[in-house]
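Enquirer: The residues making up each chain are set out below.
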Amino acid sequence: MRRALVISFVFIAVCALLAVAAEMVTVIVGKTSIRKDRQPFAPAVAEAVYTDRLAVIGGEERGWLKVRHKGVEGWIHKTAVTVKKPEVSSRESGERVGRDEIALAGKGFDREVEDSYRRKHPDMNYAAVDRMENLNVSETALIAFVREGNLGGKELSP
Amino acid sequence: MRGSTRWFSVVPVAAVLIAFSCATVDVEDLVEGTLDGREDAAKAFDLIDKALRDPFPAEEYYIGRAVAAAILTRYPAMDDPGRTGYLNTLGQALAKFSALPETFRGYRFAVLDTDGINAFAAPGGFIFLTRGLLAGQRNEEQMAAVVAHEIAHVSLRHGTGAIRQASWTKALTVIGLAAGQMATDSEVMDDLAESFDDVIDDIVQGLVVNGYSRQQEYTADREALNILHRAGYDPLGLAEFLRTLREKSAYAERKGFFETHPPAGDRLDEVERYIKDNRLEGIADRVRTARFSRYAL
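Protein chains in written order, with my numbering: chain A, 178 to 335; chain B, 63 to 359.
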């Protein structure tokens, strides 16, 4: 009886350790949705932003990873994340950079480098680029466009 | 005998611990410590080696903004909210069916106000189609085909592929030294800005002057067909567009689009073969044709 209890305790402890040691990935896009299913227009169950750390809780399926973020489980496209740990550049946060990993962008070409480039090239039409960036179409409108055009097939959740 | 056995069991553990501690030498010590110049150089090379990588999405975004600024300086964007809105709705929806559904800040599309037939896809998802290119299209399938082709260039990273090895290695060298704090802030910024300049020049030269390689164009056509198929568009839209282009190229001057892309006839042969080999199908839809007509040029 005692032996069975010890074995059960060890088994539970090992499972807990394995859960804690889940693979972690880092979000590398500005903002993204964690979705209910492996589809680009599946309902969003959570939002994640640049450098958020997510726990991977399943293998890759058709380019999507099952993850957990702030207690919520869902799917994220594999190209929106990386296995590297986030490090923030000293220029952006005032903190020292990581020792072993020359990791995410922000150490290289960032807003400060762009500002320097713009001072050197004042003729470059960045105003037009800013206007172009404002041309974001809401996901609701995209879904309506896809449905209206009888597009999407099984990629579009009912 | 028992004491000798315990000593032998400790040695491999000690060796592992010593090796592990060497691997975690603090880089910050290099700057503040009393190591000699030769060891500093060795550590610098180590940092640079670790920095070897492709651009991250956030870097592609800033590179893409600069390339977009260069393009929009040469060709103004069309001031037509209706057509631009339609193009962005179609393009941003289509991108969701690509191998890179999201870039750092998302895909954006603009119509360049020029009669010339041309298209450019900058890193990060900044995509441009000229008024001349759009004017030749007859339905949404063909427009989607052209847009899918440009999205494919972005998802396949053809834009950053135009960066010369020397330019990118120089950039990574600066980034590596910056991360190891082996240069002052002003030295780092000057060098980074200069590297950025080189990188932008390389890409603009590649996009606007030279164009992509023939192989990259064929690869983008195949990936475009995959995107169209996943989205539910008739992939024959790309074949129809190339047929129109082939007719135009017969009497057009060899400049702009016709100079930077392989012959339309060759692309058409490849596209038709890929559609047949992969049994790609789709049906042109009346609703899509009707909404295209509202915005046709």
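Quick caveat, the hints were computed from the structure, so don't treat them as lab data.
Take these hints with a grain of salt, some might be off.
Stated by the list, open to error - In the EDC-like style, the derived pairs of lysine to aspartate or glutamate whose C-alpha atoms are separated by at most 16 angstroms in a straight line are:
id: 1; chain 1: A; residue 1: Lys297; chain 2: B; residue 2: Asp252
id: 2; chain 1: A; residue 1: Lys297; chain 2: B; residue 2: Asp259
id: 3; chain 1: A; residue 1: Lys208; chain 2: A; residue 2: Asp229
id: 4; chain 1: B; residue 1: Lys232; chain 2: B; residue 2: Asp116
id: 5; chain 1: A; residue 1: Lys297; chain 2: B; residue 2: Asp253
id: 6; chain 1: A; residue 1: Lys297; chain 2: B; residue 2: Glu256
id: 7; chain 1: B; residue 1: Lys310; chain 2: B; residue 2: Asp328
id: 8; chain 1: B; residue 1: Lys232; chain 2: B; residue 2: Asp263
id: 9; chain 1: B; residue 1: Lys232; chain 2: B; residue 2: Asp253
id: 10; chain 1: A; residue 1: Lys297; chain 2: B; residue 2: Asp260
id: 11; chain 1: A; residue 1: Lys297; chain 2: B; residue 2: Asp263
id: 12; chain 1: A; residue 1: Lys261; chain 2: B; residue 2: Asp116
Claimed, not checked - Covered stretches of chain B (in silico footprint by chain A; criterion: 3 or more residues with CB under 8 angstroms from a CB of chain A, positions within the stretch not fixed):
id: 13; stretch: 134–141
id: 14; stretch: 179–188
id: 15; stretch: 270–277
A virtual CB, placed ideally from N, CA and C, is assigned to each residue, including glycine.
Enquirer: Given the hint that Lys297 (chain A) pairs with Asp252 (chain B), does the C-alpha gap stay at or below 16 angstroms?
Expert: With a Cα-Cα distance of about 11 angstroms, the restraint between Lys297 (chain A) and Asp252 (chain B) holds, given a limit of 16 angstroms.
Enquirer: Given the hinted pair Lys261 (chain A) and Asp116 (chain B), is their alpha-carbon gap at most 16 angstroms?
Expert: Holds, at roughly 14 angstroms.
Enquirer: Decide if the proposed pair is consistent with the structure: Lys232 (chain B) and Asp116 (chain B), CA atoms, cutoff 16 angstroms inclusive.
Expert: This hinted pair holds, its Cα atoms lying about 13 angstroms apart.
Enquirer: Counting residues of the stretch 179–188 of chain B whose CB is closer than 8 angstroms to a CB in chain A, do you get three or more?
Expert: n = 1 at 8 angstroms, threshold three: violated.
Enquirer: Is the Cα-Cα distance between Lys232 (chain B) and Asp263 (chain B) 16 angstroms or less?
Expert: Status holds; Cα separation ~14 angstroms.
Enquirer: Hey, Lys310 (chain B) versus Asp328 (chain B), does the alpha-carbon distance stay inside 16 angstroms?
Expert: holds (14 angstroms)
Enquirer: With a cut-off of 16 angstroms on the C-alpha distance, tell me whether Lys232 (chain B) and Asp253 (chain B) pass.
Expert: holds (9 angstroms)
Enquirer: For the pair supplied as a hint, Lys297 (chain A) and Glu256 (chain B), confirm whether the alpha-carbon distance does not exceed 16 angstroms.
Expert: holds (10 angstroms)
Enquirer: Decide if the proposed pair is consistent with the structure: Lys297 (chain A) and Asp259 (chain B), CA atoms, cutoff 16 angstroms inclusive.
Expert: holds (9 angstroms)
Enquirer: Verify the proposed pairing of Lys208 (chain A) with Asp229 (chain A), using a straight-line Cα cut of 16 angstroms.
Expert: holds (10 angstroms)
Enquirer: Taking beta carbons only, do three or more residues of the stretch 270–277 of chain B come closer than 8 angstroms to chain A?
Expert: Not satisfied, violated; 0 residues make the cut.
Enquirer: Are there three or more residues in the stretch 134–141 of chain B whose C-beta lies within less than 8 angstroms of some C-beta in chain A?
Expert: holds (count 4)
Violated hints, in rising order: 14, 15; the structure is consistent with all others.
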